[in-house]
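Same order as they appear, the protein sequences are chains X and V. In this text, residue positions in the first sequence follow the numbering used here: the first is 1, and each later residue adds one. In this text, residue positions in the second sequence follow the numbering used here: the first is 1, and each later residue adds one.
Hints may be right or wrong, so weigh each one.
Where chains are identical, the list cannot tell them apart; a pair therefore holds if satisfied intra-copy or between any two copies.
Here are the simulated BS3-like cross-link-like pairs (lysine-lysine), alpha carbons at most 25 Å apart as the crow flies [said to hold, decoys possible]:
| id | residue 1 | residue 2 |
| --- | --- | --- |
| 1 | LYS106 | LYS247 |
| 2 | LYS370 | LYS329 |
| 3 | LYS204 | LYS79 |
| 4 | LYS3 | LYS221 |
| 5 | LYS98 | LYS196 |
| 6 | LYS182 | LYS106 |
| 7 | LYS79 | LYS196 |
| 8 | LYS196 | LYS416 |
| 9 | LYS182 | LYS211 |
| 10 | LYS3 | LYS98 |
| 11 | LYS3 | LYS87 |
| 12 | LYS98 | LYS221 |
| 13 | LYS106 | LYS221 |
| 14 | LYS196 | LYS106 |
| 15 | LYS196 | LYS99 |
| 16 | LYS204 | LYS370 |
| 17 | LYS99 | LYS370 |
| 18 | LYS388 | LYS106 |
| 19 | LYS204 | LYS80 |
| 20 | LYS182 | LYS87 |
Hint data in this document are derived by calculation from the structure and do not stem from the laboratory.
Protein chains: 2
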Amino acid sequence: MTKAEIITIGDELLYGHTIDTNAAYISEKITEAGARVIWRTTVGDDLETMTEAIARAMQRADIVIASGGLGPTHDDITKKGICRYFKRPLILYDSVLKKLEERFEKRGIRMPAVNQNQALLPQGAEFIENQLGSALGIAIEDDGRLFIAVPGVPSEMRGMVDGWITETIRKRAGSNITIHRKLRTVGIIESALYEKIAELIDPKALPRESKITVAFLPSWKGVDIRLTAITDDEEHGRRNIGELESKITERIGKYIFGYDRDDMAGTIGDILKERHLTLAAAESCTGGLVSKMITDIPGSSSYFLGGVIAYSNDLKMNLLSVPQIILEKYGAVSAECVSYMAEGAAQKLGANIGLAITGIAGPSGGTEEKPVGTVFIGLAIPGKTETKEYHFGGDRESNRERAATAAMDMLRRYLKEFK
Amino acid sequence: MTKAEIITIGDELLYGHTIDTNAAYISEKITEAGARVIWRTTVGDDLETMTEAIARAMQRADIVIASGGLGPTHDDITKKGICRYFKRPLILYDSVLKKLEERFEKRGIRMPAVNQNQALLPQGAEFIENQLGSALGIAIEDDGRLFIAVPGVPSEMRGMVDGWITETIRKRAGSNITIHRKLRTVGIIESALYEKIAELIDPKALPRESKITVAFLPSWKGVDIRLTAITDDEEHGRRNIGELESKITERIGKYIFGYDRDDMAGTIGDILKERHLTLAAAESCTGGLVSKMITDIPGSSSYFLGGVIAYSNDLKMNLLSVPQIILEKYGAVSAECVSYMAEGAAQKLGANIGLAITGIAGPSGGTEEKPVGTVFIGLAIPGKTETKEYHFGGDRESNRERAATAAMDMLRRYLKEFK
Numbered sequence: 001m002t003k004a005e006i007i008t009i010g011d012e013l014l015y016g017h018t019i020d021t022n023a024a025y026i027s028e029k030i031t032e033a034g035a036r037v038i039w040r041t042t043v044g045d046d047l048e049t050m051t052e053a054i055a056r057a058m059q060r061a062d063i064v065i066a067s068g069g070l071g072p073t074h075d076d077i078t079k080k081g082i083c084r085y086f087k088r089p090l091i092l093y094d095s096v097l098k099k100l101e102e103r104f105e106k107r108g109i110r111m112p113a114v115n116q117n118q119a120l121l122p123q124g125a126e127f128i129e130n131q132l133g134s135a136l137g138i139a140i141e142d143d144g145r146l147f148i149a150v151p152g153v154p155s156e157m158r159g160m161v162d163g164w165i166t167e168t169i170r171k172r173a174g175s176n177i178t179i180h181r182k183l184r185t186v187g188i189i190e191s192a193l194y195e196k197i198a199e200l201i202d203p204k205a206l207p208r209e210s211k212i213t214v215a216f217l218p219s220w221k222g223v224d225i226r227l228t229a230i231t232d233d234e235e236h237g238r239r240n241i242g243e244l245e246s247k248i249t250e251r252i253g254k255y256i257f258g259y260d261r262d263d264m265a266g267t268i269g270d271i272l273k274e275r276h277l278t279l280a281a282a283e284s285c286t287g288g289l290v291s292k293m294i295t296d297i298p299g300s301s302s303y304f305l306g307g308v309i310a311y312s313n314d315l316k317m318n319l320l321s322v323p324q325i326i327l328e329k330y331g332a333v334s335a336e337c338v339s340y341m342a343e344g345a346a347q348k349l350g351a352n353i354g355l356a357i358t359g360i361a362g363p364s365g366g367t368e369e370k371p372v373g374t375v376f377i378g379l380a381i382p383g384k385t386e387t388k389e390y391h392f393g394g395d396r397e398s399n400r401e402r403a404a405t406a407a408m409d410m411l412r413r414y415l416k417e418f419k
Numbered sequence: 001m002t003k004a005e006i007i008t009i010g011d012e013l014l015y016g017h018t019i020d021t022n023a024a025y026i027s028e029k030i031t032e033a034g035a036r037v038i039w040r041t042t043v044g045d046d047l048e049t050m051t052e053a054i055a056r057a058m059q060r061a062d063i064v065i066a067s068g069g070l071g072p073t074h075d076d077i078t079k080k081g082i083c084r085y086f087k088r089p090l091i092l093y094d095s096v097l098k099k100l101e102e103r104f105e106k107r108g109i110r111m112p113a114v115n116q117n118q119a120l121l122p123q124g125a126e127f128i129e130n131q132l133g134s135a136l137g138i139a140i141e142d143d144g145r146l147f148i149a150v151p152g153v154p155s156e157m158r159g160m161v162d163g164w165i166t167e168t169i170r171k172r173a174g175s176n177i178t179i180h181r182k183l184r185t186v187g188i189i190e191s192a193l194y195e196k197i198a199e200l201i202d203p204k205a206l207p208r209e210s211k212i213t214v215a216f217l218p219s220w221k222g223v224d225i226r227l228t229a230i231t232d233d234e235e236h237g238r239r240n241i242g243e244l245e246s247k248i249t250e251r252i253g254k255y256i257f258g259y260d261r262d263d264m265a266g267t268i269g270d271i272l273k274e275r276h277l278t279l280a281a282a283e284s285c286t287g288g289l290v291s292k293m294i295t296d297i298p299g300s301s302s303y304f305l306g307g308v309i310a311y312s313n314d315l316k317m318n319l320l321s322v323p324q325i326i327l328e329k330y331g332a333v334s335a336e337c338v339s340y341m342a343e344g345a346a347q348k349l350g351a352n353i354g355l356a357i358t359g360i361a362g363p364s365g366g367t368e369e370k371p372v373g374t375v376f377i378g379l380a381i382p383g384k385t386e387t388k389e390y391h392f393g394g395d396r397e398s399n400r401e402r403a404a405t406a407a408m409d410m411l412r413r414y415l416k417e418f419k
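Next comes chain X alone, as it looks inside the complex (with noise of 0.2 Å):
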């Protein structure tokens, strides 16, 4: 097992300025590669740090990759860094120097001084090409153990990633593989989920050789269920996860909207898609939401018609023809009201399928009877129309989140039973 870990250098990291997507990229790509990720070190443009967080890494881990700060510009002092630590003078590469020149002169610019330090790089290392920029990766072998710097400037890191560092540690990795298997569940939470499972997941229960971790990973958008094998047979280990997916799957797969990467929405699409059926939205609290994520997809206009959002009641009645009457004896957040919003928005959009949505968001607007977090929902379809309550009681960016992805569970179940 090749154990990694990563180091992202810069300021705007610390002031939370830039989001560190390359940390999650290296991650990635490592993992996949047959390294183990396992620990992350973010510091600034600051030496001694940066030097500290480099001696750290170098006793916990076989590999050590650092992105950033490998720029010509004097807060670029990543190198200074390196040398400190490994000890090495920086000198200059005459052959690094010339390409630099040669690859300002290919773009007809003449190559400003500052990018001269470019060309000087600690003494003995390996050099990785960049062929989006002009700062090389560094490669250094250290007792056994392999540091590697690259730029932070996304597109040149990932070049290096994707190339040479791949390749690298496919080679020491040997044998050994990461596998994962995502089980995306939604319309229950992550404690009851664990209960209906635990017994499956306890270490004790798996295969002892399997090495099998479980974890969920929950969000407003359901809970995942993550299975990891690692392990130096691919078949075994993939055996294996597809065993306990399966018995995962008994006892909980009416949850399971879908694995890995398929989300909801995409779901959705695809059955109404395969069954030739349409699709229109009714919103009241979710204001759009719901709609917004059916046409996230691409070609959802297939099968997504379009949507009212009836924010007033007079909407709820011009456009959605909810009597007066309904409005006045259960109000606009009420089971009547939404099987008639859900009715009208399949009736006068022209869909087989009318989906609606009315709640209290929040922050106001809340009763005692009704309290901030109320929502209804209403799936119409042919012949019948069912209506659901639910009591979310958060803020209104997640009680909005929760409306929306309940409607799309709602509509997904339905499209599941009745084949």
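Based on the hints, put chain V in the right spot on chain X.
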């Protein structure tokens, strides 16, 4: 200067499945509160490494904030790491358990037994309320240093960071503070913006003692210009930033839609409310995104009546009264169609203002003459209707984001100009 370290916890981060947005959010907020983030660490759901990460951080920093692993399931082991490092037992807090049970009662759900774990907390710690979830934050004073653990669920983490943690850091940070001022622009690209104000933000042009740094933060929603001063003289720092801000505003004022935490939907909403104007939307390619952005704002129901998502031509005719001849002659993606859509929205929904968007988000649907990324925006106001044509030519997501932003900006400029 209060030195801070952030530890983010979770295998999903080390696998690269999740981008670590929490680390950026916490970094930004505590920097604004006066702390200086010197180091960030990410570890997996592993007791050994987590405990080592806490130990290292407590050596380096005055305040350590850990995020993740506070959930109820087996892979949430942050509390174990805390107890191991601080040598404290986990004990059951009856008061916490009681609140948990009430929480589930309110939602009408039986509390799964596993949630009892969340009442098991380190002895002698202080707890941070969680408005949105069942995991409490944990704060432990140790030898003049402060350790804080918050959940990894972003909304729950944000609640604690924005409240308890920010206040606590402000108290401790003492005299040395970081002042940020964000000018939020829209409708101009980063490099053009830079050209217009380059000489103003040239370090040589800035008062030497002011130590102001300027950063450009571009996104599909516009470009933010961030002015930062780190100073022990708050009044002086604010004056310097204020002077630079007014110089910048002189040059690019018309692109500035707000400051700091302002967002465009909120800015528009304030003006509509103040002038007692009502708004209705008609969306095609944005599929509900504009209505969603507008209704993200609490209280938007007082000025946003609703919207129509007319994906199909039939709906453009039936719901928005776009004449068939217009669709046949000019097509659905045209200035003619979008102006009828805007007028139709205002009339049919009975609003003072109608805002309409039609276009080709892609990836398919483009033509020689109207390629993917072609977008028309229509604004119907009492007495006249204006249209604008855009060619974004990005992917589906960015085209939708940019179309929605352009539509909001067109409305914003109208509201700003015609008082």
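### Message
Reference check for the pair LYS196 and LYS99, CA-CA at most 25 Å: within, between, both, or neither?
### Response
between (56 Å within a copy, 24 Å between copies)
### Message
Cα distance capped at 25 Å. Does LYS196 pair with LYS416 within a copy, between copies, both, or neither?
### Response
For LYS196 and LYS416, only the intra-copy Cα distance (22 Å) is at most 25 Å; the inter-copy one is 56 Å.
### Task
Have a look at LYS196 and LYS106 and pick one of within, between, both or neither, based on CA distance no larger than 25 Å.
between (55 Å within a copy, 23 Å between copies)
### Query
Is the C-alpha distance from LYS182 to LYS87 at most 25 Å within one copy, between copies, in both cases, or in neither?
neither (43 Å within a copy, 36 Å between copies)
### Task
Please work out whether the CA atoms of LYS79 and LYS196 approach to 25 Å or closer within one copy, between two copies, in both situations, or in neither?
Intra 52 Å, inter 23 Å, cutoff 25 Å: inter-copy only.
### Task
Give the relationship of LYS99 and LYS370 under a CA distance limit of 25 Å: within one copy only, between copies only, both, or neither.
between (58 Å within a copy, 21 Å between copies)
### Message
With identical chains, the pair LYS98 and LYS221 could be close in the same copy or across copies; at 25 Å between alpha carbons, which is it: within, between, both, or neither?
### Response
Answer is neither; intra-copy 44 Å and inter-copy 28 Å both fail.
### LYS106 and LYS221: within-copy, between-copy, both or neither at 25 Å Cα
Between copies, since 21 Å is at most 25 Å while 38 Å is not.
### Intra/inter-copy verdict for LYS3 and LYS87 if alpha-carbon distance must be at most 25 Å
Within one copy only: 24 Å inside, 29 Å across.
### Message
Regarding LYS182 and LYS106, is the shortest C-alpha distance of 25 Å or less found within a copy, between copies, in both, or in neither?
### Response
So LYS182 and LYS106 fail the 25 Å test inside a copy (40 Å) and across (32 Å) alike.
### Task
Tell me, please, which holds for LYS204 and LYS79 at an alpha-carbon limit of 25 Å: within, between, both or neither?
Cα proximity of LYS204 and LYS79: across copies only (23 Å, versus 48 Å in one copy).
### Query
How would you classify LYS370 and LYS329 at a CA-CA limit of 25 Å: within, between, both, or neither?
This pair counts as within: shortest intra-copy Cα distance 15 Å, inter-copy 50 Å.
When held up to the earlier numbered hints, the structure conflicts with 1, 4, 6, 10, 12, 16 and 20 and fits the remainder.
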